[in-house]
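Chains A and P are the protein sequences, given in the same order.
For the first sequence, the numbering used here assigns the number 1 to the initial residue and increments by one for each residue that follows.
For the second sequence, the numbering used here assigns the number 1 to the initial residue and increments by one for each residue that follows.
Be careful, since some hints might not be right.
[As the list claims (entries may be wrong)] Using C-beta positions, here's what the derived DEER-type ranges look like:
hint : chain 1 : residue 1 : chain 2 : residue 2 : range
1    : A       : Gly16     : P       : Ile12     : 36 to 46 Å
2    : P       : Ser80     : A       : Gly40     : 22 to 32 Å
3    : P       : Ser65     : A       : Gln9      : 32 to 42 Å
4    : A       : Gly16     : P       : Gly28     : 23 to 33 Å
5    : A       : Lys97     : P       : Ser79     : 34 to 44 Å
6    : P       : Phe100    : A       : His75     : 16 to 26 Å
7    : A       : Gly16     : P       : Glu54     : 46 to 56 Å
8    : A       : Lys97     : P       : Ser65     : 13 to 23 Å
9    : A       : Leu109    : P       : Pro70     : 43 to 53 Å
[Unchecked claim] Computed, partial: chain A to chain P, Cβ under 10 Å:
hint : residue
10   : Phe10
11   : Ser31
12   : Gln33
13   : Tyr35
14   : Gly42
15   : Val44
16   : Thr48
17   : Glu54
18   : Lys57
19   : Asp95
20   : Lys102
21   : Gly103
22   : His107
23   : Leu109
These aren't lab readings, by the way, just hints derived from the structure by calculation.
The beta carbon of each residue, even a glycine, is placed where N, CA and C say it ideally should be.
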Amino acid sequence: TQLLEQSPQFLSIQEGENLTVYCNSSSVFSSLQWYRQEPGEGPVLLVTVVTGGEVKKLKRLTFQFGDARKDSSLHITAAQTGDTGLYLCAGVNRDDKIIFGKGTRLHILP
Amino acid sequence: DSGVTQTPKHLITATGQRVTLRCSPRSGDLSVYWYQQSLDQGLQFLIQYYNGEERAKGNILERFSAQQFPDLHSELNLSSLELGDSALYFCASSSRGGRFETQYFGPGTRLLVL
């Protein structure tokens, strides 16, 4: 069974600080996605990375796909209270099935 | 607002019962996905339909079934409900169901089995 492990499970930091969350697997994925989910809503796609070593930036968020396409990281610079939410990574395997991690619950304190 | 609608928003029922969850995809999207989200298991892919046909199957129990109708809306049927089926059920849609396409999630149906 392919698994995506996300760490940390919970993270609470002050506004203005930087943070990195991780998504790791022993399996190779053809692509990897990051979503943010807010309470009472469905996940919203932030980014899709496809190529090993790929780095994508979305304002203060930087996403990196590992060279071997087994892991990914999300770095947030100068966190804001609006960044609070559940961050999910999801990998698409060779069978085109999507597998989600359990998420990192991020809380940015004002 | 993603453009995907789900009804009902909340559902409370008893063990052994059967329920139907409904999803309308975004206008123009042909593919619909169903997911279950629970605290211990996280978000689990259940099943995908494309233009009325089943395209991919995930961790869907035999007690669960789904279909996509000619008007492209989809229903997820959950039967012989157990306490452990209590979860958030999400529907998502995408244009053609390709692996790199963006999936747009609905707001979910919160199911509580008592």
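Verification of the hints:
1. A:Gly16 / P:Ile12: 36 to 46 Å: Hint holds: Cβ distance 42 Å, inside 36 to 46 Å.
2. P:Ser80 / A:Gly40: 22 to 32 Å: Cβ of Ser80 of chain P to Cβ of Gly40 of chain A: about 28 Å, so the range 22 to 32 Å holds.
3. P:Ser65 / A:Gln9: 32 to 42 Å: Taking Cβ atoms as reference, Ser65 of chain P and Gln9 of chain A lie about 33 Å apart, which means the hint holds.
4. A:Gly16 / P:Gly28: 23 to 33 Å: At roughly 41 Å between Cβ atoms, Gly28 of chain P and Gly16 of chain A fall outside 23 to 33 Å, so the hint is violated.
5. A:Lys97 / P:Ser79: 34 to 44 Å: 24 Å, violated
6. P:Phe100 / A:His75: 16 to 26 Å: 23 Å, holds
7. A:Gly16 / P:Glu54: 46 to 56 Å: 48 Å, holds
8. A:Lys97 / P:Ser65: 13 to 23 Å: Cβ of Lys97 of chain A to Cβ of Ser65 of chain P: about 19 Å, so the range 13 to 23 Å holds.
9. A:Leu109 / P:Pro70: 43 to 53 Å: Holds, at about 50 Å.
10. Phe10: 13 Å, violated
11. Ser31: This hint holds: Ser31 of chain A lies near chain P, its Cβ roughly 6 Å from the closest one there, short of 10 Å.
12. Gln33: 9 Å, holds
13. Tyr35: 8 Å, holds
14. Gly42: Interface hint status for Gly42 of chain A: holds (3 Å vs cutoff 10 Å).
15. Val44: Because about 7 Å separates Val44 of chain A from the closest Cβ in chain P, which is inside the 10 Å limit, the hint holds.
16. Thr48: This interface hint holds because 6 Å falls under the 10 Å limit.
17. Glu54: With a minimum Cβ separation of about 13 Å from chain P (threshold 10 Å), the hint on Glu54 of chain A is violated.
18. Lys57: Lys57 of chain A check fails; min Cβ-Cβ to chain P is 18 Å, beyond 10 Å.
19. Asp95: Holds: closest Cβ of chain P sits about 8 Å from Asp95 of chain A, inside 10 Å.
20. Lys102: This hint holds: Lys102 of chain A lies near chain P, its Cβ roughly 4 Å from the closest one there, short of 10 Å.
21. Gly103: 6 Å, holds
22. His107: 17 Å, violated
23. Leu109: For Leu109 of chain A, the interface hint is violated, since the closest Cβ of chain P sits about 23 Å away, which is over 10 Å.
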